[in-house]
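Let the hints inform the model, and build the full structure from the sequences given.
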Amino acid sequence: MAVENGSIELAGIVKSYDGTTRVVDGVNLRIPDRAYCCFLGPSGCGKTTILRMIAGHEDPTHGEILIGGHDVVGLAPVERRTAMMFQSYALFPHLNVRDNIAFALRVRGVGAQERRKAADAMIEKVRLTELADRLPAQLSGGQQQRVALARAAITGPKVLLLDEPLSALDEQLRVQMRQELSRMQRDLGITFIHVTHTQLEAIAIADIVVVMEKGKIKQAGPARDVYDQPQDRYVAEFLGGQNVLTGRIERIEGDSAIIVSPEMRDVVVPLGVRRTASAGDRVDFAIRRDDVDLVRPERGGGERAKVPSRVRAIEYQGNFVKVILDKIGDDELIAYVPDRVFYRDPFSVGDVVIAGWEKDKTRMLA
Amino acid sequence: MESKAKGGGSSAGWLLILPLVLILVPFFIVPIIGVVAASFVQSDGFGGIIPSFTLDNYKGVFTSGLTYQLYWATLKFSVFAWFFSLLIGFWIAYFLVFHVRNPLLALGLFLICTVPFWTSNIIRMISWIPLLGKEGLINSALIKTHVIDQPLDVLLFSSLAVVIAYVHQLTIFMIVPIFNSMARIDKRTIEAARDAGASRFEIVRFIVLPLCKTGIALGSIFVVSIVMGDFFVVKVMSGGGSASVVGAFYEDIGVLQYPTAAASATILTVIVLLLVVGILRTVDIRKELTR
Amino acid sequence: MIDQPSADANPVPVRRRRALAPSRDGRPWTFYVLATLFTLYVVALYGPMVCIYILSFQDVRGGLVFPMRGTSLHWFVDLFTQVRTGDVKGAFSRSIRLAVVVTIITVVISFMSGLAFRKRFAGDSVVFYLMIGSLVAPGLVLGIGVGLICNVLGIETSWYTTALGAQLSWTLPFGVLVMFAVMSRLNNAWEEAARDLGASAWQTTFLVIVPILAPGLVAVALFGFTLSYDEFTRSLLTAGSLNTLPLEIWSMTLNVTSPSLYALGTVTTLISFLIIGVCLGTIARIQKRRAVGPAAH
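Respectively, the protein sequence lines represent chains A, D and R.
Residue numbers in the first sequence follow the working numbering, run continuously in steps of one, and reach 413 at the last position.
Residue numbers in the second sequence follow the working numbering, run continuously in steps of one, and reach 289 at the last position.
Residue numbers in the third sequence follow the working numbering, run continuously in steps of one, and reach 399 at the last position.
Keep in mind the hints are simulated off the structure, nothing from the lab.
There could be a bad hint or two in this list.
[To be verified] Using 20 Å as the maximum straight-line C-alpha spacing, the simulated SDA-like pairs for lysine to any residue come out as follows:
#1 R/Lys221 / R/Ile234
#2 R/Lys390 / D/Phe108
#3 A/Lys374 / A/Val307
#4 A/Lys369 / A/Glu284
#5 R/Lys221 / A/Asp378
#6 D/Lys211 / D/Trp89
#7 D/Lys132 / R/Ile156
#8 R/Lys221 / D/Asp282
#9 D/Lys211 / R/Ile234
#10 A/Lys406 / A/Arg336
#11 A/Lys406 / A/Asp378
#12 R/Lys390 / A/His141
#13 D/Lys132 / R/Thr359
#14 D/Lys185 / R/Pro130
Structure (structure tokens):
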């Protein structure tokens, strides 16, 4: 029973260590072959557990894991054509780069000559040729990561599993290594499953982003979909860049709802996923922070939603200025104003402004 | 990250631990049982035994005034040895951990302290003679500098000499575990205490000392068990002036009084084990060691 | 530390600077006190032995105390040739051989036990306290016990059987305790990585765990060797008719009154130092190559 390709299917995966709390609570997911898939979520959401179950270092309490169409539950890691890259890299400190990379071949009984050749080829691929004889302690973090990658990839796995590979690096290095991972994935042509808690990282490299909370998948899809069209409050808030506001439907007009709250009047939001909502319902809706325009009260007007507010804080972020306004109920209201626009007529803390947006940019949340 | 290592249940654990058990049983459990058994039989006075159960041996030990004298003496030595080795050992460890800035240097100095441990005990004992003896270096130096007129008798072959020898031998047993415990203290807690205005003595009293409890306990176990079980240090360093519990039953063996020796030995072992258990109650050694 | 000059209520009393303020180059006065204590301690530690080493180089007129009389290797020669001083050569070779065997057994069994203790198993507390018991039991008591049992069973005590076992009852607990300390730094990730790459349990143990723990194993070997080489109380009644070196020294202290005893002390210490040097050197070399610690980043 050979695993032919790196497509993965998780069917009804449940994991519980003590019989009561479920670390993974019913996960169903399909990942096509050769995809770069990121599992995104806070600590404890179950993403690492799922990774380890795919790798074979843990077994699911219930459910099936199919790799390349075959159910692999119960198989040892080496039989699954998967390879794992550990968070701490776990490079063998007593072996040099070449021997670390060749380790998998060594335990399979491959001869010394052949091992060396294969390892050197791999070292070329990750561009570490001059460092082949160094010990891990003599390498930088980025170099160690490349060794860990090469070590995992040498066995020709169909799926590479990465457990928070960039968390140990500092900001600049992280951005650099991100591209390295992307490149490797395309080069090797296999499925990568990458676990992280950093949203920007996930949306930067993933073909598929899987957002998780408390053992369940909240939303899975291409990065743009998840970011621009979050389905619920959790995903919207986790991915960032969105204002999530709550209000009560005053009335329905056609395919839109008119929403009110103590701070807002007549905010029009297309019904979207809440097609069955009726007047009186409390709903959440999202509007991207960079879709919120701020104008001084004297200028106001138009088709757009108008929410009067006051500037509470201003943070310069380079390309844009983050303007934090008074809360709507318990929700933050934040506008990202392009810096050139902002500085034509800069606001100060305490200024009264009108926040507005186009109705089509709003999105009803589940 | 959860790391539930798969593979190999508790049967593997038992297989791995078997050799250890196979050595400890015949060379620890069985001899103890043998000694205990022998303490309940009668001696025929000539090195043989009459197989009959008797409590006479224990009666003899408990009613003999000598027993209490010996235990008193041995306990006194234990306390003194423990106290001074703890005092010196604690401050040496403190110096190495908190005052020596270069960790490599600290390690080096630490090793320098441990090296004598790796040399023969007996050699170390006879080495006191040229130093502490009546014609030894110290006496000569003191006489030459006119501090005293007559050589001090008390430096060698006395109770003082015994304590000196014990402390010399046993301080290292205090230094090692205490050093280990101290090195584990997060330096930032000390810094935080300094920030809050604590003086260095207060830091030692309220932070360092409590966190070293395990090390002190471990060291105490070593010191107490070694002193209580010793006989040749006392014999040599006191010049025969003092005896110890073990020394006494060593003499008994010498005259083939096995059962009485066995009774004495059993009582001593029980006492030492009780002391150790008492110390172990104050700290959870297993958790600390395997942390 | 800023002294508050304000007059309003300052609830935290400002401390006098005595125990806090660093003086020159940042060293508080306590440093000098402790440094002095440390120096005195080391001097006291090595002092007596150094006296012996020096005195062992006296010539034939030499006595047991200072002042030193002449310099020569007379007493070393005397040690190894004179029969009346006992069977030093024989005891010496026996001790070395015994120590080597004890070392090997201690390393292997301590390693296995250390592995076993990483997970809980039925009765693990019992075994743990068994070890501690074996460590603290008075050596002579165990010796008596072994002697008695052997008497009853008709087995002869000898240095390579019963003394071996008695010494192991002392070295194994030490070895296992050292293994505890060593293994607590063993990262599970390495084993998992090895498994992930396809290594079997054996391969993981011998290709990954043993090499990584090598410095620790050398430390256990050091303990095993020196504890056995210097072991006295447990060997006393279990060594049978032929002496190990410490036993030989013991009988010499009771009989011999010449500096040949000091010469023996010097020689035996040299051996110890040699072994220590080799072991520590090995550990240092391994550690340096692997640069364990906050290395490159």
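Quick rundown of the hints versus the structure:
Of the supplied pair hints, the one linking lysine 221 of chain R and isoleucine 234 of chain R holds, its CA atoms being roughly 19 Å apart against a limit of 20 Å. Under the criterion of a C-alpha separation no larger than 20 Å, the hint pairing lysine 390 of chain R with phenylalanine 108 of chain D is consistent with the structure, at around 18 Å. A threshold of 20 Å between alpha carbons decides the hint, and for lysine 374 of chain A with valine 307 of chain A the separation of about 15 Å falls inside it, so the pair holds. With a C-alpha separation of about 16 Å, the suggested pairing of lysine 369 of chain A with glutamate 284 of chain A holds against the 20 Å cut-off.
For a cut-off of 20 Å, the pair hint linking lysine 221 of chain R to aspartate 378 of chain A is broken: about 48 Å separates their Cα positions. Taking the CA atoms of lysine 211 of chain D and tryptophan 89 of chain D, the gap is about 14 Å. The hint holds against a cut of 20 Å. For a cut-off of 20 Å, the pair hint linking lysine 132 of chain D to isoleucine 156 of chain R stands: about 19 Å separates their Cα positions. Note on lysine 221 of chain R and aspartate 282 of chain D: the hinted pairing holds, with a Cα-Cα distance of about 17 Å set against a maximum of 20 Å.
Under the criterion of a C-alpha separation no larger than 20 Å, the hint pairing lysine 211 of chain D with isoleucine 234 of chain R is consistent with the structure, at around 18 Å. Restraint check for lysine 406 of chain A and arginine 336 of chain A: the C-alpha separation of about 14 Å stays at or below 20 Å, so the hint holds. Restraint check for lysine 406 of chain A and aspartate 378 of chain A: the C-alpha separation of about 19 Å stays at or below 20 Å, so the hint holds. Restraint check: the Cα-Cα separation between lysine 390 of chain R and histidine 141 of chain A comes to about 11 Å, which is no more than 20 Å; the hinted pair holds.
Between lysine 132 of chain D and threonine 359 of chain R the alpha-carbon distance is near 16 Å, which keeps this suggested pair within the 20 Å criterion. Proposed proximity of lysine 185 of chain D and proline 130 of chain R is supported: the alpha carbons are some 17 Å apart, at most 20 Å.
The structure shown violates just one earlier hint, number 5.
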